[in-house]
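Visitor: Each chain is listed here by its residues.
Protein chains: 4
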Amino acid sequence: MPLPAEFHEIAKRVNNWGRWGAADEIGTLNLITEAVVREAAATIRTGRRVPLAVPLRQDGVQTGMIPGRINPLHTMVAVNFEMFGPDTVATSDDAVTMGLQAGTHWDGLAHVSHSGRIYNGRPADSITSHERAAFSGIEKAGPLVSRGVLLDVARARGTERLPEGHAVTPEDLDAAEELAGTTVRPGDIALVRTGQIQRYLAGEKEAYAFPSPGLSLRTPEWFHARDVAAVANDTLTFEVFPPEIEDLWMPVHALDLVEMGMLQGQNWNLEELSGVCAEEGRYAFLLSAPPEPFVGGTGAPVAPVAIL
Amino acid sequence: MPLPAEFHEIAKRVNNWGRWGAADEIGTLNLITEAVVREAAATIRTGRRVPLAVPLRQDGVQTGMIPGRINPLHTMVAVNFEMFGPDTVATSDDAVTMGLQAGTHWDGLAHVSHSGRIYNGRPADSITSHERAAFSGIEKAGPLVSRGVLLDVARARGTERLPEGHAVTPEDLDAAEELAGTTVRPGDIALVRTGQIQRYLAGEKEAYAFPSPGLSLRTPEWFHARDVAAVANDTLTFEVFPPEIEDLWMPVHALDLVEMGMLQGQNWNLEELSGVCAEEGRYAFLLSAPPEPFVGGTGAPVAPVAIL
Amino acid sequence: MPLPAEFHEIAKRVNNWGRWGAADEIGTLNLITEAVVREAAATIRTGRRVPLAVPLRQDGVQTGMIPGRINPLHTMVAVNFEMFGPDTVATSDDAVTMGLQAGTHWDGLAHVSHSGRIYNGRPADSITSHERAAFSGIEKAGPLVSRGVLLDVARARGTERLPEGHAVTPEDLDAAEELAGTTVRPGDIALVRTGQIQRYLAGEKEAYAFPSPGLSLRTPEWFHARDVAAVANDTLTFEVFPPEIEDLWMPVHALDLVEMGMLQGQNWNLEELSGVCAEEGRYAFLLSAPPEPFVGGTGAPVAPVAIL
Amino acid sequence: MPLPAEFHEIAKRVNNWGRWGAADEIGTLNLITEAVVREAAATIRTGRRVPLAVPLRQDGVQTGMIPGRINPLHTMVAVNFEMFGPDTVATSDDAVTMGLQAGTHWDGLAHVSHSGRIYNGRPADSITSHERAAFSGIEKAGPLVSRGVLLDVARARGTERLPEGHAVTPEDLDAAEELAGTTVRPGDIALVRTGQIQRYLAGEKEAYAFPSPGLSLRTPEWFHARDVAAVANDTLTFEVFPPEIEDLWMPVHALDLVEMGMLQGQNWNLEELSGVCAEEGRYAFLLSAPPEPFVGGTGAPVAPVAIL
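Protein chains in written order, with UniProt numbering: chain A, 1 to 308; chain G, 1 to 308; chain E, 1 to 308; chain H, 1 to 308.
Don't take each hint at face value.
Straight-line Cα separation of at most 20 angstroms, SDA-like style, residue types lysine to any residue; simulated pairs [claimed, not checked]:
(1) H:K205 - G:I66
(2) H:K12 - H:R117
(3) A:K12 - A:D24
(4) E:K205 - H:V295
(5) A:K205 - E:K205
(6) E:K205 - A:E206
(7) E:K205 - E:D87
(8) A:K205 - E:P67
(9) H:K205 - H:I66
(10) H:K12 - E:T63
(11) E:K12 - E:K205
(12) A:K12 - G:T88
(13) E:K205 - A:T63
(14) G:K12 - G:A225
(15) E:K205 - E:E164
(16) G:K205 - A:V295
(17) A:K205 - E:T63
(18) H:K205 - G:T63
(19) G:K205 - G:G165
(20) H:K12 - H:P123
(21) H:K205 - G:P67
(22) E:K205 - A:M65
Residues of chain H clear of chain E, computed beta-carbon distances all greater than 10 angstroms [as the list claims (entries may be wrong)]:
(23) V14
(24) R19
(25) R45
(26) S115
(27) A124
(28) A156
(29) G165
(30) K205
(31) E221
(32) R226
(33) E271
(34) A278
(35) P301
These aren't lab readings, by the way, just hints derived from the structure by calculation.
C-beta atoms are modelled at their ideal positions from N, C-alpha and C, and glycine is treated no differently.
Chain A with its partners taken away, still in its complex shape (with noise of 0.2 angstroms):
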């Protein structure tokens, strides 16, 4: 079935190609400018720092539900080896196979396209098996940290997790971001808080990965409005699972990848730092959240921080 008006409409509204010109690979992370990072250090006041990266292990977030993405094998290559002879200093040495995308992870702007385009009109077939992604590759992000804005909408609604089929509507982001007393501004990245991941953490796998609550086709023109350089949350499939439009898969990430230019963030657990940001009654902080610079990646593995 082709994307139905609804979605051009928006697409429409929330299309940024050309902003930063032709050649542009970046999208919204040209947002982030030294001033918004000068802005995110004056965040910083205990010192507090809040992992937000789920552990890398074969028994990780991925069921199967989606081929080829495999949790990490994680494989010993040395044990106490040693290579220099007896009663010498020995080494240790592991590999790993894993889908880039497979935990905490970023999806780089090549992950989606659609009508044959990625984001600023580039042809779909410039990702290749051999060279992968040739624009807009993950490695272009860069060393991406800028302010972090919480938007707890689990907490704003009151409840400790958002049911299955929640989807996240402007309504919810309104709420979360007065909870979180801070205007997200340009450069800013959104961390949307669902408690989804709790699923996952209590080893309820099958549950966490579907069915799914996440964002609305109608958070894109919340985040545009905004201009935030990247939005984050707690689930496997970033929008909320099964779609709200029947037939209408993965509307959000074509939105927000292709036609943004904006890097979506998934499995990134929120817990932790919801209990900090509540306690300390402030929902900003340094977000330092560089992908691994995978030369062509559609996306990549990153182990955020928020510093606060």
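Given the coordinates of chain A, assemble chains G, E and H onto it according to the supplied hints.
Guide: Structure of chains G, E and H alone, referenced to chain A:
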């Protein structure tokens, strides 16, 4: 050949076993207090961000010299796959196989052992193929952020790049500290620049790997005296290679990781940072360098960022 | 729980250590003489070829029950890549990551140990992460071709598939040998059919894995008496699972691999072969089943073929 | 540069598209009838078995010349792991990552395309990253067993090893056929020995890879005239490399795989076989060489065995 008396004497002087309790698994990372992070934040003035990782690609820094430590094999599992039918949103997905210490990385405390022990006196055989590092796995390092100080030894010595076999001495570090204009303090992360990575950047991979300048056997005491939290540099081998004392292989690894319990970073690209620090006349910054949290990892990739 | 007296008594009776010299690494494969291969060739009448491997794909037989033994992740490194310029010959290339014992495979003699020993009394710690199996690695098995005999236990018992927990007994093997109309002889490879793989072929992967019919603790003596070269069957676990004696796990593995030095095959699809043998009224054939020669492998994939 | 007229003329002469129907996916493998297999069996006299695969190890034949085609990275996931408690049976398990065409392998029919087509006129874009080769995947090759004939070109020319740039001509094949003392017949598998693999066996990996002797552009017609089922040799590149006509890269691949629909084997070790054939004065044998059945594979590892 057993480790010589000279090694054991230094080991005694820098040993931190028990200092943070018998259960401790993170060693000198305990020195990064919230106060240290606040001081790190205070160094941010311009908001410049400098990435320190080398790109992850098959043509990476590994040459085959270290058995089993392979450069990333980055492959596609889907390219513009219309999973939900024709004319729908299409996805591209990728996977990787790599040595955890193949690119820009942290050595975890379990990466080396000697005399049957790892950091804090734990038995080396607590590392297994099925469980990997049961103690001091790299995931324990957590959200590694602190004040970073660039010790630009090459620049302090008035050269672009240290000679091949140059062992960086405590005197070299003194000179670089003086150039930096700041005292290295407890909890800091020291970045030691030799310029050696220019060889890799110029395509001379074999020359980059070996022979290499690097830290001398005498440097662990210098770092121990200042109580730094971690040290990284811009070489493949970290310490001078071949070693200073014949048949005494990897003594600095053993002193740093096993005796002090101090993380080591390798293959960090400090070239751009060197230019920025010289230009701004300041060598301290907030350094964000959380390792990817591989459970039981003896090391992990990191995409470090210096924020000035 | 240490291994019980009953195990040790059987072990004594089937032990082959030293039988082919202290340096031997291949155990009962020594029994495949050129005369045996000539007899195998003599069984070929119609020229029918029956494949016995299950296809290698991500949706393979592994369920995650055995940690780290992953189904093949098969990815593309190039798709129609015109490496030499436009309108030239294009290539497609692929790569795989998999457990060596994930699909249809041979267990090598180093796959299990007990009491610190592997086959021929060699120390279990001769297996390391950096060198893998220094002795009895699967590459030593060489060009594994012999006379194969199908022991169709399911058919001999007049059933399509043995019940879940059925332990195949010596009496079952006697009945299958009678059905086969040939005596199992020294150097033969016995293929024991339970029908269990029908569960996998029907998409019931969990049911295939566990609980499973399989060889009883009493069968090693039967195979030892006939001096077979190897045994394979159509289950994931080879032996009955859960085991016959509480807390005595994998005794058949230990008897076959460690004591006798006899290769075991698992996940072999014997369904088509069962039909062909019944149709032709003969159960002996030339079996070609050389393992992929992974140096130091504790097992290896195999694509066996029966030629009738 | 588009393919020259000379190529297209040969292509016309050897083309097999439609010969076995529009639905055919295996090309010349159709020529292996049961009668051919019976004839193969009839060649077995002594019962000698000769393995033809090179061992699979990290120090394999690949040099990095072919991007993404990595030698096996073979790692341990468990070493003597007592999964069921102390003093129980312990297991060792391993995993591998490798290019499917890294060692001794078959090129599948989907391995190359030209002018947008693969064998039997199917569109090249039927190969995708998510499904791999939808047509003519290597798993379709099935239980590949036939009469093998060694065409020992090096020996027929009275040399140990063909010179570097030697293109094996039809006349060379004629001479080798005469030495073999048997006519190459429909359904046979021809093994063409150049001796080049001696370079790899001597540790000269770069010299083995390039420049290499190999099959000439004129050989596909020779094989087509005899209707062989498949051809393998003892080089990395199969055809002479660099190519005979400037800028005409991989024409033999295109003729064999795309036009004829004939599998090609590479990196086969024919040294021992050469000695055995010369000694026994006969060059035909039963060849068992079923590829590992990777679903959709554009090639696959094989552990071939010649049985004499």
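Visitor: Each hint needs a verdict: does it hold in this structure or not?
Guide: Structure-based check of all given hints:
1. H:K205 - G:I66: holds, 18 angstroms
2. H:K12 - H:R117: At roughly 14 angstroms apart (the allowed maximum being 20 angstroms), R117 of chain H and K12 of chain H satisfy the hint.
3. A:K12 - A:D24: holds, 19 angstroms
4. E:K205 - H:V295: holds, 18 angstroms
5. A:K205 - E:K205: holds, 19 angstroms
6. E:K205 - A:E206: Holds - the C-alpha atoms of E206 of chain A and K205 of chain E are around 17 angstroms apart, at most 20 angstroms.
7. E:K205 - E:D87: Answer violated: K205 of chain E to D87 of chain E is near 45 angstroms, above 20 angstroms.
8. A:K205 - E:P67: Roughly 17 angstroms between the alpha carbons, so the hint for K205 of chain A and P67 of chain E holds.
9. H:K205 - H:I66: holds, 13 angstroms
10. H:K12 - E:T63: violated, 49 angstroms
11. E:K12 - E:K205: The hint is violated at about 37 angstroms.
12. A:K12 - G:T88: holds, 17 angstroms
13. E:K205 - A:T63: Distance ~15 angstroms between K205 of chain E and T63 of chain A Cα, so the pair holds.
14. G:K12 - G:A225: The given pair, whose Cα atoms are some 13 angstroms apart, holds under the 20 angstroms limit.
15. E:K205 - E:E164: holds, 14 angstroms
16. G:K205 - A:V295: OK: K205 of chain G and V295 of chain A at ~18 angstroms, within 20 angstroms.
17. A:K205 - E:T63: Holds. K205 of chain A to T63 of chain E sits at ~15 angstroms (cutoff 20 angstroms).
18. H:K205 - G:T63: Answer holds: K205 of chain H to T63 of chain G is near 15 angstroms, not above 20 angstroms.
19. G:K205 - G:G165: holds, 16 angstroms
20. H:K12 - H:P123: holds, 18 angstroms
21. H:K205 - G:P67: holds, 17 angstroms
22. E:K205 - A:M65: Distance of about 16 angstroms is within 20 angstroms: holds.
23. V14: holds, 15 angstroms
24. R19: holds, 22 angstroms
25. R45: Its Cβ does come within 10 angstroms of chain E, the nearest being 8 angstroms, so this is violated.
26. S115: violated, 8 angstroms
27. A124: The claim breaks: A124 of chain H does not keep its Cβ more than 10 angstroms from every Cβ of chain E (closest is about 5 angstroms).
28. A156: A156 of chain H clear of chain E: closest Cβ-Cβ about 25 angstroms, beyond 10 angstroms.
29. G165: holds, 18 angstroms
30. K205: Holds: least Cβ distance 16 angstroms, greater than 10 angstroms.
31. E221: holds, 18 angstroms
32. R226: Its Cβ never comes within 10 angstroms of chain E, the nearest being 20 angstroms, so this holds.
33. E271: Fine: 14 angstroms to the nearest Cβ keeps E271 of chain H off the interface.
34. A278: holds, 18 angstroms
35. P301: violated, 6 angstroms
Hints 7, 10, 11, 25, 26, 27, 35, counting from the list given before, are not met by this structure.
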